[in-house]
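Chemist: Protein chains in written order, with our numbering: chain A, 1082 to 1416; chain B, 176 to 516.
If you are wondering where the hints come from, they were derived from the structure by calculation, not from laboratory data.
What you are looking at is a predicted structure, and each value in this text was computed from that prediction instead of being measured.
Watch out, some of these pointers could steer you wrong.
Stated by the list, open to error - Pairs of lysine-lysine, BS3-like flavour, derived with a Cα cap of 30 Å:
#: 1; chain 1: A; residue 1: K1360; chain 2: B; residue 2: K180
#: 2; chain 1: A; residue 1: K1360; chain 2: B; residue 2: K387
#: 3; chain 1: B; residue 1: K434; chain 2: A; residue 2: K1232
#: 4; chain 1: A; residue 1: K1103; chain 2: B; residue 2: K331
#: 5; chain 1: A; residue 1: K1103; chain 2: B; residue 2: K328
#: 6; chain 1: B; residue 1: K380; chain 2: A; residue 2: K1344
#: 7; chain 1: A; residue 1: K1360; chain 2: B; residue 2: K385
#: 8; chain 1: B; residue 1: K484; chain 2: A; residue 2: K1360
#: 9; chain 1: A; residue 1: K1227; chain 2: A; residue 2: K1264
#: 10; chain 1: B; residue 1: K328; chain 2: A; residue 2: K1360
This is what each chain is made of:
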Amino acid sequence: MSDKILLEIKDLRKYFPIKGVKGPGVQAVQDVSFAIKKGETLGLVGESGCGKTTLGRTILRLYEPTGGSIIYDGTPIYENPLGPDGKPLGKAKAVNMLPYRRKMQIIFQDPSASLDPRMTVGEIIGEAIDIHKLASSKKDRADMIKELLRKVGLNTEHANRYPHEFSGGQQQRVGIARALAVKPEFIVCDEPISALDVSIQSQVVNMLEDMQQELGLTYLFIAHDLSVVRHISNRIGVMYLGSLVELGESYELNRHPIHPYTKTLLSAVPIPDPEISRKRSRIVLEGDIPSPMNPPSGCRFHTRCPYATEKCSQEAPVFKEHEPGHWAACHLLDQ
Amino acid sequence: MAENKENQKLLEVRDLHVSFFTPAGEVKAVGGISYDLNYGEVMGVVGESGSGKSVEAYSIIGLLQSPGKVIGGSITFEGEDVLNFTKEQMTAFRGNRVAMIFQNPMTCLNPVFTIGNQLVEALRAHDKSISKRDAEKRAMEMMELVGINNVEKRMKQYPHEFSGGMRQRVMIAMGLICHPQLLIADEPTTALDVTIQAQILELMKDIQKKTKMGIIFITHNLGVVADICDKVSVMYAGKMVEQGPVDDIFYRPAHPYTKGLLRSMPRVDAESYERLIPIEGTPVDMLNPPEGCPFAPRCEHCMKICLKKMPPYIEVGTNHRSACWLRVQEQLEHKEEKADE
Chain A
1082 MSDKILLEIK DLRKYFPIKG VKGPGVQAVQ DVSFAIKKGE TLGLVGESGC
1132 GKTTLGRTIL RLYEPTGGSI IYDGTPIYEN PLGPDGKPLG KAKAVNMLPY
1182 RRKMQIIFQD PSASLDPRMT VGEIIGEAID IHKLASSKKD RADMIKELLR
1232 KVGLNTEHAN RYPHEFSGGQ QQRVGIARAL AVKPEFIVCD EPISALDVSI
1282 QSQVVNMLED MQQELGLTYL FIAHDLSVVR HISNRIGVMY LGSLVELGES
1332 YELNRHPIHP YTKTLLSAVP IPDPEISRKR SRIVLEGDIP SPMNPPSGCR
1382 FHTRCPYATE KCSQEAPVFK EHEPGHWAAC HLLDQ
Chain B
176 MAENKENQKL LEVRDLHVSF FTPAGEVKAV GGISYDLNYG EVMGVVGESG
226 SGKSVEAYSI IGLLQSPGKV IGGSITFEGE DVLNFTKEQM TAFRGNRVAM
276 IFQNPMTCLN PVFTIGNQLV EALRAHDKSI SKRDAEKRAM EMMELVGINN
326 VEKRMKQYPH EFSGGMRQRV MIAMGLICHP QLLIADEPTT ALDVTIQAQI
376 LELMKDIQKK TKMGIIFITH NLGVVADICD KVSVMYAGKM VEQGPVDDIF
426 YRPAHPYTKG LLRSMPRVDA ESYERLIPIE GTPVDMLNPP EGCPFAPRCE
476 HCMKICLKKM PPYIEVGTNH RSACWLRVQE QLEHKEEKAD E
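Please model the entire structure based on the sequences and the hints provided.
Modeler: If you want it as structure tokens, here you go:
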């Protein structure tokens, strides 16, 4: 990992307007800022509906952002800074994404749904090579596909087969090969192992780690399984209802979580050890996640937070550095 | 009622075989499993998708659908032979004495009826004599028991007005409304978020303590097993490869598959980075299962005999059994040593 920042987002926001309903609509990502260094893995955790997948896709501009900015390798690929009133200032400045698609890739959660069932594995991987004109000849293209299949642990004959002929773990390997085909620098891994069996998950995790070592990749690793994210990430960001509530070095964040939500999330993860399970006391949250269409005022977590005060419901806490490299947004920490 | 029955057998499954007769051939989804469940005991069943853990549970409650068929073995519930029940007996048995909750609560609730309506229906289907008003009262009590507030209003709402966690609570209420002795929970928390999963697990532990019912908890999450179960069965490709008390499974696993599973998972309480040790290879193709031990092709200790013959179940500790040739070999060596002395 180098000190060079590869990707930076500032106040990134994504709202999905709803037809026939006044107001901003679903506030899926609310002003999230962070930077990822080259070669780093940043993990993103949170419950379903917290906006982690939307954030990943907005960074790649698969969803067009509503406001904020995305800077990739020094170049803004989207810019529409927020004014003091919290609204985007004006028209967005955005670049043509095609050259950036080569550098920024994504691995999807459900491998069977993200691979075209009517294309062979070779065609799926080859399509990416064709779009970016990476192969100089037919033979070159075939060699590249073979090399990619070998890299992800599949046989070269597999190029002529269709996705349904593979198991879930193998399909995910195809998905990874497809992402790697364009020699990207940055990959959004959107729950790449959640759909796989336990015994296969670790195979894929190890492979992602090997690829990172070998190719110097940078990952944004999105998952809801904290133990996996902690294992693979250098740093972890915790999201709740569209906002980033805590960000820190992964082991530090696990040992000393400072935001109340991170604490509950950690205590809710079941540990495969009966002795520890019996002794451990759990912080069980009351209630459900509020709707992002109509998020609570002030701190978005205050409706479920066991420590919430008057101030939490009125004023949104500022996301700031409390210890070196350890960021959080909570009023309790400001006292 | 159940207190005096503790340590007595509630359910006995012996050498159960279930096959699916598909156009592509026979799939032996469950290939000869046996176990006992006592009153008030919580048994976890772990295994990968397709290992037969759900199929086995479906056959207990008679929900196995064509082309699936029980082709051998026996299931005995409180001394009665479940597999030879008539249709009427089965209907009376199901819901009254055994209930089941499923992974996805949304697909199990009817979207066009209110929650109250469905709870009352479940109760009155089994107890024809109960009046509507009494049934409603019982339904509200059940909803309170599973931690739903504002019951009078909630009874009149439809499933889409409930969140995922709340729907699962409704399913649990519906399952428990006739006070069954056995609850089969098929991945009840898999579709839920971790904080909601924690709520549901706490609720199930709490209710289990109050009602002393037996639970078969099917899951692939070993963390959940460690949390809620008294004993564990580990399934692989339709075979039960290991079963025993929860502590034995986690601290003294006997089967290489169990060991591999425990080793391959990253733990949230790990102190520092350690590379994961995966189980290599791919899951078994159930249409063409390997001869011998189904885990042999992926096992690091695979011997010649493993590829030819399925190992027998042997005792490796108190109530702790495993099917692995390694353990058989160990015990033989142990006996020889004793004989030499």
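Chemist: Are the hints correct? Go through all of them and say.
Modeler: Verification of the supplied hints:
Under the criterion of a C-alpha separation no larger than 30 Å, the hint pairing K1360 (chain A) with K180 (chain B) is consistent with the structure, at around 28 Å. Among the hinted pairs, K1360 (chain A) with K387 (chain B) is consistent with the structure: their alpha-carbon atoms are about 22 Å apart, no more than 30 Å. Of the pairs offered as hints, the one joining K434 (chain B) and K1232 (chain A) holds, with about 28 Å between alpha carbons and a cut-off of 30 Å not exceeded. This hinted pair checks out: K1103 (chain A) and K331 (chain B) have alpha carbons roughly 29 Å apart, not beyond 30 Å.
For the hint pairing K1103 (chain A) with K328 (chain B), the CA-to-CA distance comes to about 28 Å; that is within 30 Å, so the pair holds. Straight-line distance between C-alpha atoms of K380 (chain B) and K1344 (chain A) comes to about 22 Å, which keeps the hinted pair within the 30 Å bound. Only pairs whose Cα atoms come within 30 Å are accepted, and K1360 (chain A) paired with K385 (chain B) is accepted, the gap being roughly 21 Å. A hinted pair counts as satisfied when its Cα atoms are at most 30 Å apart, and K484 (chain B) with K1360 (chain A) does not qualify at roughly 42 Å.
For the given pair, K1227 (chain A) sits about 15 Å from K1264 (chain A) by alpha-carbon distance, which is consistent with the 30 Å threshold. For the suggested pair K328 (chain B) and K1360 (chain A), the alpha carbons sit about 38 Å apart, so the restraint of at most 30 Å is broken.
Of the numbered hints listed earlier, those contradicted by the structure are 8, 10.
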